[in-house]
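Chains as they are written, first to last, in our numbering: chain A, 1 to 859; chain B, 1001 to 1397.
Calculated from the structure, these hints are not laboratory results. From the three backbone atoms N, C-alpha and C, an ideal C-beta is built for every residue, glycine too. Possibly wrong hints are sitting among the right ones.
[As the list claims (entries may be wrong)] Reference excerpt, derived from the structure (chain A facing chain B, CB under 8 Å, subset only):
| # | residue |
| --- | --- |
| 1 | Ile51 |
| 2 | Gly55 |
| 3 | Tyr64 |
| 4 | Val76 |
| 5 | Ala83 |
| 6 | Ser86 |
| 7 | Gly245 |
[Unchecked claim] Reference listing, derived: stretches of chain A covered by chain B, where coverage requires no fewer than 3 residues with Cβ under 8 Å from a Cβ of chain B:
| # | stretch |
| --- | --- |
| 8 | 67-73 |
| 9 | 91-99 |
| 10 | 521-530 |
Spelled out, the chains give:
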Amino acid sequence: MAKREYKPLTKLSDLPEENRLVSGHRLCAGCGPAIVGRLATIAVPDVPIVINATGCLEVGTTLYPYTSWAVPWAHVTFENAAAVASGVVEALDKLSKEGRAKDAPVIAFGGDGGTFDIGLQALSGALERGHRFLYICLHPDEELILGDGTIVPIGEMVESHMRAANVDGRDGFLSIPLNQEVLSWDGRSFRPFRAVRAQRKESPPELVQITTRSGERLRLTPEHRVLVDGPNGFCWKQAAHIQVGDELYSARNISIHESPSIHLIDYMSDERKVIPPSKIRRRLNRLLAVRHGSIKRGCENLGLNYWLFKERGRPIPIGTLRHLTKELGLDWERLKKEFDTFKGGKAMKVRGVQLNQDLLYILGLIAADGHISRNRFMITFVNKEKALVETFMKIHQNLFSGRKVTVQKDSNGTYHLTVSNPVLYELSRSLKIAQDPKEIIRMPEPLISSFVAGVFDGDGYCGLLTHDYAEEARIIISSTKEMFRRRIRLLLKRLGIASFLSGKDVVISSRDDLQRFIERVKSKHPKKLRGLKTIEHYFIGTKRRGKYFSISPRVCGRTLKDSCRAHDIPVRELDASIFALSAGTRRATKERIQRYASELALRISGNPAVGLGGNSTEVALDSGGQQLLTVLEPLLVDDYYLDPVVEVERISSEAKYVYDVTVEESHVFVPNGGFVISNCYDNEAYANTGVQRSGATPFGAATTTSPAGRVIPGKQEWKKDLVAIVAAHYIPYAATSSIAQYRDFINKVRKALSQYGPSFIHVFAPCTFGWRFDTSQTIQMAKLIVDTRIFPVYEIENGTLKMNFKVPKPKPVEEYLKTQRRFAHLLKPENKHLVDLIQKNTDENWERLLRIEAAGKVF
Amino acid sequence: MATIQRTKQEMMELTGDHAIAYGAKQSGIDFVAAYPITPQTIIVEKLSEYLADGMIDAKYVNVESEHSAISAVIGAALVGARAFTATSSQGLALMFEELPVASGMRVPIVLANVMRALSAPINIHCDHSDILSVRDQGWVMMIAENAQEAYDQTIMSFKIAEDPSVQLPTMYGIDGFIISHSMENVYTLPDEVVSEYLGVRRSLYKLDVDNPMTFGPLALFDVYFEFRRQQHDAMMNAYEVAKEVFGSFEQVSGRKYSPLKNYMTDDAEVLIFAAGSTVGTARLAARKLREEGIKAGVSGVTLLRPFPVPEVMETLSGVKAVAVLERMLSLGSPAGPHYMDLASAVYPQLDVRMYDFVYGLGGRDIDADMIGRAAKTALADAQNKRPNEVRFLGVRE
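For reference, chain A alone in the conformation it holds in the complex (with noise of 0.2 Å):
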């Protein structure tokens, strides 16, 4: 489908000069249909194709000879104005990839007979089909964290599983079953849950790329749905509809299925020697005697070499050993344990065989400031930091005996220690420490807060740091290699700290995170452990936080507000800042929120008083206040952070297919380890009852088909809810708009037409023939009637209600009904209840909507 994209409005020399509904047509003065359909034509730059019901505006617009439409233009019928453009947008849409037909958005109009009644069955068709599946995919190469802490792109791991599942698709949708662990979010914290399918469709043209400030980005199709922080708690973006400053919902901290213990020899090459203890090598020997009748023949039968087991001491490929143990029916991953004497030049034995916490920490420092070479297996490890140096040497003599340490100071200054290690060098390249350590998330966290002191100790600094005229506390971790970075940022979130990019540096400035790496990342190097310390001090006694990430969703300012007043606590008492947490012009941290609501709770479970900071603890609370407690606690929890976005980009996509993966419970999936991202569903099922009126006319209207009489005054049913019907159809977009609010319908024109499906609008036009009044007053009469709250103006996105306009003092219904003579009959005085029971829908119906608005996400 073609991009679109209309952004809203911003002065009215953005809109075309000439009209595309001219002048000379036959429609009465002070038409309302005929306002709509010339701001409908001229909302957008492009033009486009207009789909016409039978009603006033098409007859009255082109009795031939002459026509008022200066767009392309077609009539069909009366009910199937939908189906129609159904039709031409498909149809459209294939021709125009040919280069037969030039592509253009599509706009069909309808009156009420066309839309609310012959045509609703049209319309509810072209809305269906629109979206019986949500198509919401990623880019191949994006990565999933799988249930154990494998980092694979997604791209790889669908397609493995295809293959695996012998299905080939040619072109076109395809969909899996699946048993894979993700990472994904259960609203609190990052862990994996279950994927149970994966899809797989052709790329479209365009991804779009969002870039957030800490650094995460993420390739997706325009209509993947992203977590954004609204105002009313967290909501789902599409993609294409993400903008600078949208706060996403990035991970700080991600668990994984961890593996118990880690076997250096797992990390070994096949081609790596070891000399098996004797205990180790005589079952060996007696196996292959008992099994083949001899050791040389048990030898000759596998294809092994005889003297590796004729003679004790000889070192034996590691990968000779895995299969002879497969042969012979034993359990390598029993008996991997005993091996620890490898060989490599001189045999060299390792103290454990585990991976261990010291092991770890070198290789971060090899990482860091190291080098590993082929040649005689030579790790190389350079500092100007001679304690550094000497710790690595001692953790080495002591990992490893059988090995020289030289270590040779050159003219600047600067110590080259270097030893001769096969393990340390198969090490460091299986776990490729330097380019893509991603191995590494995989292992416990003491281990993972090992190798990033190593790294940190060789490459990091730390310290109060001037940054914009002002002095900060930072950790910095630098690279040259951006996908070290990542991973180095992915080994600090599985430690629970978040950092972002910031050039060649991973940062950690915010309080909370820093002193988490001072508690779980152990330095060695005596010049940083004083500038942890400093940094340590430089917190105490101050409310300093830092930058970033301990910033609360927006929410939070107006639940405690809320409460207060549900409540009756006047929340001046607690803090006046609090109207303007609610009103979104200041932000707090989790923390501050949190001292609130402690507080709060306090005094609404009727204790007296403690004031701001002051111990609360071990206080009984009644279910009110554990109630507020428990209702903002998943959302001051630390697992997660805000992180705006800063850059949004359409790239032009170079793969050929999109992936993604339904994960179960949670429907949500956390790729690269960044931000929250929505699932692909296939059959989403919202209990929705539209509330159905019949008709468009309103109760009490006097029309040609339902008079005014003497016995009954007027339509006696109610008009019919049509959004709400179109939004059970679960569309991107529904709105309703009013002619007076001219600029409020052309934006959202604009943004319906910027959707990947079908959308609609309900504009309130007011007739002056049919409702008889005045035909200068027809802008009037729009006004008026969203004034009196009777036609609310709001739009759905995504399924979130949100009223645009709020009519804080609403004018009495009788204002709109005295207006027009099609209700003259009400406003006799034996009708005066009829004129109360349509007060009372209007607030009815107002409040309804308000209550759709605050439960958040309903369609």
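Got chain A; can you put chain B on it based on the hints?
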């Protein structure tokens, strides 16, 4: 283009519905919108299969009713797409509103109608009451006798409809179940041949942002008549164009079509006139009559609208009696639809006696003997100069 001899065409075993779907697939359609109704369902199912397998590159919209189906197809045609739909009986009836609209808006869409009885009572089997009820709505209409003709007429319909001097929607019918669900040998043309034959649709007038036009305006008493008059000219042109298309199709496929299919009519005394698969049965009846010494001939209608008056005149002249077999009962009418077409075509130039026989309603079977008896009755009545009355073949009185 060189004729593709029969031997080079691929013989496939296709049911009538499948043949239509196959023909539509080859015809390079851009857009299909259809709603399933027995016995047309196989057409839409097969098209869905082709689409799912990537064998056609068309937009397929599963609409929610036949009314929306034809509306969407009209919409697609208005932007220049080659559009196709199929239906039957009640579906055609639901589409009725849009049939004259399609004709009035001069969109060259093609509709395959699997002929099925109209409700009530509800019946899913073959008769011609659906297609014959819409014969005045300005569509070019053909009737196919078997699956081979169904395939051929699918392709020819696009050619006729899109002709610049015609630009009228075209429909053709096949007998429900009898043809639609029976498998026959169908010689199909290669894909490239059909593509070359039909080409890509080039529409003269369409919804185009670079050249805006208004379609479907209000035309009051001062101009409406002229619109219709132009449609009349288009329909008249369709007669010549249809014959041209029959000719060019013969060149491509080796199969000969003409507005009337005549069999042993040169020296016939009694002519049996029929439509659909009954034409085949009638040929058998005619042969049997000939064996008895009665000179019988069969005329099957291929081109129903525009009605081929010259061919009818030629065929009927010299014939003593015509037994008109009608698979529709036009209640309250002095005669059935075919009779009225024939009679109006030849009156007053030819003095031929025609007799109406209504048969096969709701799928009631018809056999050669019944047709033979009808022909004999017609001949006898003609000799006795009796007037026509609507008689029924095969009903239990």
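Consistency of the hints with the structure:
1. Ile51: 7 Å, holds
2. Gly55: Since chain B brings no Cβ nearer than about 11 Å to A/Gly55, farther than 8 Å, the hint is violated.
3. Tyr64: 4 Å, holds
4. Val76: With a minimum Cβ separation of about 6 Å from chain B (threshold 8 Å), the hint on A/Val76 holds.
5. Ala83: Hint holds; A/Ala83 Cβ to chain B Cβ min 4 Å, cut 8 Å.
6. Ser86: Hint holds; A/Ser86 Cβ to chain B Cβ min 5 Å, cut 8 Å.
7. Gly245: 35 Å, violated
8. 67-73: Since three or more residues must qualify, the claim that chain B covers the stretch 67-73 of chain A holds, with 6 doing so at under 8 Å.
9. 91-99: holds (count 5)
10. 521-530: violated (count 0)
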